[in-house]
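K.L.:
The primary structure of each chain is shown beneath.
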Amino acid sequence: MKRQALVAVAAATALVLTGCASGSDTGSKDSTELNVYAWAGEVPDSMVKMFEEETGIKVTVDTFDSNETMISKLAAGGSGYDVVEPSQYAVQLAVGQNLLAEIDYDKIEGMDNLMDKFRDPSFDPGNKYSIPWVWGTTGLMYNSTCTGGEEITSWSSMFDEKYKGKIYMLDNMLAAYIAGLQINGFSANSLDEAEVAKATESLIEQKKLLAGYNSTNYDELVVSGDACIAEAWGGSSVAEAVATHDDVHYVLPKEGGTLWVDNFAIVADAPHTDAAYKWMNFMLRPEVAAIATNEDYMSTANVAANDLITDKTMLDNPAVFAPEDQLEKSEFIVDPGEAMRFYQDGWTRVKAS
Amino acid sequence: MVTTAAQTAKPATVVKPRRKPRIQNGYAWLLLTPGLLSVLLLAVWPMVLVGRNSFATSDQYGAVTGGFTFESYLALFDPVYAKTMGYSLGIAAINTVLCLIIGYIVSNYIVAQSPQRQSLLLLLLIVPFWTDFLVRTFAWITLLGNGGPILWFAHLLGIPLDPLVPSQTAVMLALIYAFLPTAVFPIYASMRGIDPSLKEAATDLGCGWWQTHARVIAPLSTPGIIGAALLTFVPTLGVFVIPVLLGGGKELLVGNLIVTLYTEFRNQPMGAALSMVLLVLMLLSIAIGALLLKARKRSA
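Protein sequence lines, in the order shown, are assigned to chains A and B. When the first sequence is numbered by my numbering, its final residue is 353 and no position is left out of the sequence of numbers. When the second sequence is numbered by my numbering, its final residue is 300 and no position is left out of the sequence of numbers.
If you are wondering where the hints come from, they were derived from the structure by calculation, not from laboratory data. All figures in this text were calculated on a predicted structure; none of them were measured in a lab. Any given hint could be a false lead.
Below 30 Å or equal to it, Euclidean Cα-Cα: the simulated DSS-like pairs (lysine-lysine) are [what the hints assert, rightly or not]:
id	chain 1	residue 1	chain 2	residue 2
1	B	Lys83	A	Lys164
2	A	Lys208	B	Lys83
3	A	Lys198	B	Lys83
4	A	Lys162	A	Lys207
5	A	Lys162	A	Lys254
Take the sequences, apply the hints, and build the full model.
P.N.:
Dropping the structure here:
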């Protein structure tokens, strides 16, 4: 009995000790490993394979499906990740919490390949902490068979009694407020309490017409006709649905477009910084950036990659690349900062109504 | 089939005066250490952290900055939180009642079978647990949604039925589905201990089906029923995936609110405060259950 107990305690102690040890691997100059934490489906397998073959570095890719999950993991410390892929507002949050390392541009080549829109963006002046990878818009998706051939061009259709029970909104506060604010003629980045309150009213009003909130398979619902109109993030699966179904359309509403962009950034306590810089340089190369569009229907932020896109119809697919005139007046959805409390208050009321 | 009558009939020699167990040099503690440590580390410590955070402040980026304030708790006095809490308690209560009714009927059926069949039926109840909860919830989308068997059958019969996903009905069905097995087991365990001759005696004395259950079987199964009620009610309060997937995210349960507070609203202190309120409600319901059991033992 005595011996068994001692063994048990020893085993428990060993477990705790090894648990601590594994987190403290400070990389040497020539790393053989790279840990990437990215949005699900935004780092193509062939890209990883190409990087591994070229550098001999073993890449581990973990995925997340919300910025908040990623940030809380980084904030807990000792995540072991080298490169993460935050969206625009999440860059602001991560920088605010000192979770990202400032990029040393002496070690970076190929920034000229990026589209102007993504150089020196509002959410990260001077690209100090992040380099854009793929981008897209927040718009609406509709099924023209379901709408009876009617062309949808405005958020107002999502507030129209006619489509009651056939409308889906994204189950995401910031995305829902884009519609709520823009339909009232306000900026999607409003910081004004009264404007947010007005948007809240509209969204509560709209809830009666909704089939539901959905940010997972809204594209399938539009394809099947269960949804006539759905608020949607342009990009891979939506773009594919548009390309393969004649009656499925994606539009940026005339009230104004909004942009999202997912960026690569180096983690402040990255164990393999040198490998992380190799990754940054690698993904900036046009032939690598083109993989994102060619294989996964994503719009690359790399304008030099456009010539290497094999399926040229992608360039005209609004769910991949937004038309240039619309892109021009589109704004990034940035973090509301202190105004967050207006949004929190409003969105709780919308959801509880 | 051990009855109290059988126990008292045991020859007195069997009952030996019990010796105090000897604890050798405190080694018993050593044996308990791994278990205690894991409870402290995996259950108590996280709750302490959550409790601490509920009194903390956070900056505009969502980082907890320490300090001590009751602000998060005071903010919960907004009626919108009471409404959500009330709605969650209501859903949990309805789910508990439905699970108890169905669970009672199922247990009553299983107990009446032969021992081999009982084992088989219990095994069948456990089989779904081999599949992840999330996957099973997704299965309900297919089952109730467009192109699913229920709609197909309804249309075959000419009944114009709309897809049931997303709807409140779907949420309720999935909740019953999720918690029914946990309701069946405790009730079954209680019922199995009831001497079948009691049922026969009740019938002999002129009790109908209803009276047999109301006056004999149900009272004797009370411990199991209370246990089942707790195992259904408490976890239902914490549910958040089912309303999102099957309810279209339109009905906010307190679990959903906590998730949103922690993530989208990046308001950890308030999320923690709401978690603490929920924890207290859960502990209260467990205490009520324990009191009911105690009161019953005393009257027995």
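K.L.:
Each hint: holds or not?
P.N.:
Hints, verified against the model:
{"no.": "1", "hint": "Lys83/B with Lys164/A", "in the structure": "26 Å, holds"}
{"no.": "2", "hint": "Lys208/A with Lys83/B", "in the structure": "18 Å, holds"}
{"no.": "3", "hint": "Lys198/A with Lys83/B", "in the structure": "22 Å, holds"}
{"no.": "4", "hint": "Lys162/A with Lys207/A", "in the structure": "14 Å, holds"}
{"no.": "5", "hint": "Lys162/A with Lys254/A", "in the structure": "20 Å, holds"}
Of the numbered hints stated above, none is contradicted by the structure.
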